[in-house]
Amino acid sequence: MTDLPLPAPAAEFWEARYRDTHRVWSGRPNDLLVREASGLTPGTALDLGCGEGADAVWLAARGWRVTGVDISGTALERAAGHAAEAGVGDRVAWERHELGLSFPEGAFDLVNAQYLQSPVAFDQRAVLDAAARAVAHGGTLLVVMHAGWPSWQTEPPFDAVFPTLDGVLAELALPDGEWTVETAETVRRPSVSPEGAEGFREDNVWRLRRA
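For the sequence shown, this note's numbering gives the first residue as 1, with consecutive numbering after it.
Treat the hints as calculated values from the structure; they're not laboratory data.
Treat the hints with caution; some may be incorrect.
FRET-style restraints, in silico, Cβ to Cβ [what the hints assert, rightly or not]: (1) Ala16 to Pro42: 34 to 42 Å; (2) Ala107 to Gln153: 36 to 44 Å; (3) Gly196 to Asp129: 16 to 24 Å; (4) Glu198 to Pro156: 12 to 20 Å; (5) Trp152 to Ala107: 35 to 43 Å; (6) Ser191 to Arg23: 16 to 24 Å; (7) Gly196 to Asp123: 20 to 28 Å; (8) Ala61 to Tyr115: 18 to 26 Å; (9) Glu202 to Glu77: 14 to 22 Å.
Positions of the beta carbon are idealized from the N, C-alpha and C atoms, including for glycine.
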């Protein structure tokens, strides 16, 4: 595991969130990763904002060699433990980065960027630019982001700007002829509030292949 010094407040925020909760996420891979990556030929993968490692473990179990990246050392420790439990610990390397300030080296057949959205300062555009540059020729960039608050969220907990399908593509400004957009879609999924109110949330998904 590569460990880099990280400045506050983003590192403090995410470290506290993981440290103060036994488990933050469900332990299941993201549905849209499963949908979009199941048909890809395994190679090398970069999982950005890997959290407790569910996506990285899922990829490794299917033959990928994965680099999982997160800002929280506690999250990475849990992720490494989950990979070991799943028998794929030798297929995943873990690196600690504050994306936007540092980024893993190398080129990857798949770069997985799921929900890189944060209530603390975060240069999303710079990270997506770096993610695109990290895709090897013939490789895939998979980006998934929330398109808005859940339908039951009457009072948003913080100010947020949600990316649009066309807006992200325009910001990436990928060179003509070098990339193919294979998926650009808004997906609606069920969502239940902490109080049990049923509703939905919409996510945007982009899958792009580099020539």
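| field | Unmet hints by their number, sorted upward, for this structure | value | Violated hints: 3, 7, 9; rest satisfied.
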